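Peer 1: Work out the full structure: start from the sequences and follow the hints.
One-letter residues, chain by chain:
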Amino acid sequence: MKRLPHSPTQRIDTRHPLPFSYGGRLLEGYRGDTVATALFANGVRIFSRSLKYHRPRGLYSLDGESSNCLMEIDGLPNMRAEQVPLRGGMQVRPQNVVGSPERDLLGFLDAFHWAMPAGFYYRVFHKPYRLWPFFQTLIRRAAGAGTVNPSWEPGRYDELHFHADVCVVGGGPAGMQAARAAAQTGLRVVLLESRPWLGGFYDWRTVEHHGTPLYERGRHLARELESLSNVRVYTSCTATGLYGDNLVTAVQEGGPDDFFHQRYLEIRARAVVAATGCTERPLVFEHNERPGVMQPGCAHRLARTYGLLPGTAAVFSVGHDLGLEAAADLHDQGLHVACVADCRSDGQDPQRIAALEERNIPFLRGWVAARALGKKAVEAVVLSTTEGSATRTISCDVLAASAGLTPLTGLFSLARLPLSYDERTGYFLPASLPEGLYAAGRLVGYDDPASIELSGTAAGLRAAVHCGALDAPRADEALTELQDNHRVLRGSKLVLAPGAGARSFVCFDEDATVKHVRQSVRMGFDVPELAKRVTAIGTGPSQSGIPGHNLPLIMAHLRGESAGTLRPTTVRPPLKPTLLATYAGLHPDIHKKTPLHDVQERAGAVFRRVGVWKRARYFSSDPTCRDEILNVRNNVGILDGSTLGKFRIFGPDAEKALQRVYVGDMSRVPAGKLKYSAMCTEDGCLLDDGVATKLGENDYYFTTSTGRAGATVEWFRFHTRHEDWEYYLVNLTDSLASINLAGPKARDVLQQLTDADVSNDAFPFMGYREFRLKGLVPARVLRLGFVGELSYEIHIPSSMARTVWQWLLEAGRPLGIRPFGLEAQNVLRMEKGHVIIGQESEIRTTLIDLGLGFLWDRTKTWAKTVGAPALQFAESQEGRLKLVGFLVDGSRPPLDGSIVVDGSIRGHVCTCRYSPTLDKAIGLALVDDDLAALGSRLRIFEPGDPPEYFDARVVPTPFYDPEGQRMKC
Amino acid sequence: MSFTITCPICGKRDLYEFRFGGEERGARPDYENLTPQNWCDYVHLRTNRPGPQREWWFHRDGCGRWFTVWRDPMTNRETASSEATR
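Chains as they are written, first to last, in the working numbering: chain A, 1 to 969; chain B, 1 to 86.
Everything labelled a hint here was simulated from the structure, so no lab data went into it. Any given hint could be a false lead.
Anything over 12 Å on all C-beta distances counts as not near chain A; from chain B, calculated [what the hints assert, rightly or not]:
(1) 21
(2) 22
(3) 47
(4) 48
(5) 51
(6) 60
(7) 70
Have a look at the derived ranges for each label pair, beta carbon to beta carbon [said to hold, decoys possible]:
(8) A:734 <-> B:19: 47 to 55 Å
(9) B:83 <-> A:209: 53 to 61 Å
(10) A:609 <-> B:47: 50 to 58 Å
(11) A:761 <-> B:63: 46 to 54 Å
Quick caveat, the model's predicted, so the values are computed rather than measured. Backbone N, C-alpha and C define an ideal beta-carbon position, used for all residues, glycine too.
Peer 2: In structure tokens, the structure reads:
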């Protein structure tokens with residue numbers, strides 16, 4: 001199809017042809033086209049088949065208000081072809097057809113429309129009920145939208161979170177003026193526009209206002225805005241939600257040059273200006289969705305924006321002046337306009353009527369389209385007076401039909417503002433707006449360019465006043481001028497064309513007609529919210545795009561009541577269908593690396609995520625880590641423990657704070673010695689463990705587990721929030737690295753790095769020392785035994801961690817030193833019977849359940865220790881799970897998390913591994929206390945395919961070196 | 001759900017930056033005469049009034065301060081300015 005000669009309103013670039021395929025055919029469009037306009041240019045008129053009746057459907061609007069143009073594009077189903085910008089090489093396929101949209105084998109269903117009354121899914125197929133599954137399969141196959149392609153390759157999804165002073169939704173003349181007015185007061189402004197360019201209704205109109213064509217005015221305003229540095233403009237970006245305290249969410253479509261496919265935006269604004277404008281209210285008449293029937297705005301934009309004549313001969317049936325303007329302009333573009341009917345009996349702009357007269361276009365005042373004729377496309381239209389007293393039939397292949405305008409009030413609905421019927425405009429609008437939310441433009445009924453722009457300025461200024469950037473009187477001036485000199489339009493009141501019935505579609509998506517609404521009212525579902533559920537009106541892919549404000553008007557009409565007695569149905573976010581992938585976002589793997597990450601990586605470490613960290617799991621391909629484990633037992637190993645929480649607490653009340661959160665008596669932490677203690681929740685359940693040492697009076701150094709480091713400050717402060725205690729907490733986790741040097745030869749290695757006496761007498765088990773390594777690096781050394789061997793935890797500044805790591809490796813090379821990872825540590829500590837919080841404990845596990853009750857000091861009641869009252873209670877509580885060690889019969893260990901069974905579930909395996917040291921499969925489990933006695937037999941169920949059973953026996957812990965000689969020597 | 005919380009140190013910020021600490025329920029009770037029941041009530045029971053309440057918030061992604069605000073959970077609006085603890 002040949003495009004119209006170039007005009008400055010056009011948004012296509014005919015120098016850039018783009019090839020694409022549609023259902024196997026190779027077609028061509030231009031840059032600037034949408035998929036739908038490119039298809040239209042190639043002669044495609046039937047875009048899809050409807051949900052239930054498989055009726056042919058064509059291009060109706062250009063803003064995605066119906067499911068007519070849902071297609072599969074590049075493997076993604078249910079894309080709105082009229083909103084997807086055309087890209088070279090696109091693969092477009094029709095959906096919900098058997099055959100092609102032109103020749104759909106299910107098209108016969110239309111003849112059976114009488115068999116599908118309102119709510120027939122619910123009523124017909126359930127008698128007898130056992131037949132429902134059969135019908136369900138059948139219906140699902142015949143009805144519905146595209147199918148998800150599971151092997152679809154996800155694109156890139158971006159997200160932006162930011163703040164703004166004023167967020168303007170809608171980039172038409174009102175929105176642009178609002179943004180400009182607010183920006184001129186110095187505020188940071190964000191402007192969201194759902195189309196790919198700013199301009200709104202101005203963008204394709206050539207009528208002049210004060211000597212300038214509107215499209216030129218629009219482009220001028222847009223350029224002006226884009227030059228303001230404090231205005232951020234997002235085009236192809238639709239606001240999808242409005243939440244408390246003016247949080248606006250939006251979804252932006254990536255253009256051909258963007259790096260993202262879709263982007264999610266979350267904008268916290270101080271003020272929001274809604275300038276979303278209007279859409280056309282669909283005219284409801286018989287066969288109102290035949291291909292060839294389209295909104296006047298759609299016909300106008302096809303010609304002016306995309307250079308496409310919508311057909312050869314057109315009839316217009318309109319309810320607003322924009323339709324009259326479109327008819328005259330399309331006539332000038334070469335479309336034969338047979339006749340223009342206007343359902344309004346008066347109130348038209350005389351200039352528009354004069355323009356029609358000049359062109360000898362017959363104008364019928366008080367007439368409306370009552371029936372479209374033609375099978376697969378419009379061939380003629382029956383026009384009728386609005387009362388139905390006279391009719392005439394006119395041949396045409398385009399019927400531009402609309403009942404008037406209707407405001408896009410989605411944002412108001414999301415702000416939970418009750419909508420009420422406005423008699424003058426015929427719009428459903430909120431009676432008042434809350435502070436911080438302003439509305440402007442055609443949305444609130446302004447019609448001519450001057451008042452639309454002024455209302456935008458007024459709204460922008462009021463938003464600026466709200467943000468404190470402007471004095472109220474200046475904003476009031478604009479408002480007063482607006483109210484004094486400008487009047488909102490008088491909208492069309494037409495509800496239904498005469499004779500509207502079984503083929504007059506209220507909702508295109510769900511194939512719901514006036515007849516269905518009538519049935520719904522008769523059945524007692526006589527308000528929109530109920531009718532919506534029983535007829536499915538407004539529940540389709542485009543939500544309430546087409547039925548929108550028509551449904552309450554039609555229902556009131558059918559009930560014989562005046563317009564406005566009913567309200568539109570609730571609109572919910574997102575206002576525009578959004579890919580789930582967009583909400584999922586990029587979710588990059590954000591993690592922290594220890595200062596020793598790189599050196600371990602070079603040593604062959606395999607990492608795993610632990611909380612916010614990446615930690616080395618093992619250094620070989622052997623998942624049992626046999627060599628790493630035995631090397632620690634026999635020689636010496638080093639482990640990067642930098643993720644360990646490290647804190648200093650000081651200040652006059654530091655000791656009190658420690659007493660509050662730790663169950664032990666923290667006044668008995670001697671200098672130079674370490675005290676192992678634990679923190680509990682208020683329920684007495686184990687939260688964290690670690691060691692503490694005293695550095696000076698009310699000055700302590702303590703460690704927490706990796707996972708708790710981030711929440712430690714919060715925990716201390718929360719539990720002392722009612723006391724006016726003075727203490728300071730410093731989180732040293734990131735500034736200090738930690739290297740665990742463990743094994744019988746650990747002392748030999750450490751001694752080479754320091755002059756300090758590290759002999760067992762000078763630096764015994766549970767000792768704490770500070771000295772310099774090689775006389776240079778200040779180190780805090782903690783003598784602990786988590787893995788059950790002689791070991792030193794060396795805390796050093798992070799910046800020096802790599803140096804010390806190398807020193808240790810060099811010093812230990814003759815002694816067989818090698819790094820070990822988390823998995824080896826896990827087995828080593830389990831052999832020793834040491835617990836890891838979160839592995840041996842769950843959220844209900846108390847200190848006592850784990851056999852760590854001795855840590856709790858019950859004498860310090862004055863400290864109001866967190867969890868102590870609950871521990872007191874739990875001590876004598878029966879029926880709790882207890883931690884036990886067990887020995888598996890056989891050498892293969894069951895998986896962690898396997899269940900201990902005995903007719904019922906009696907516990908679970910926390911950790912179970914093959915122990916190379918003992919050559920046995922050993923583990924720790926939480927079991928019912930009657931199974932906790934030594935020698936009890938445990939039956940363990942490992943889920944899987946097939947599931948497996950294991951037998952085990954409760955044995956004493958520690959499994960290894962029960963006297964602890966090895967870590968104390 | 002989305003609203004803002006006014007931190008006494010950092011000012012009005014997004015909800016996501018904070019952790020909720022529950023409604024204010026007074027200082028921890030003394031151990032004398034404490035029964036498991038009234039301890040459990042102190043730890044777990046809330047009044048759940050549909051109206052303004054004084055509640056605790058922690059500015060996790062900010063200054064790291066616990067403070068109280070008066071907020072109406074029915075509207076999610078703060079009704080009085082916040083107070084910081086030390």
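Peer 1: List in ascending order the numbers of the hints, as given earlier, that are violated by the structure.
Peer 2: Hint check: 1, 2, 6, 8, 10 fail, others pass.
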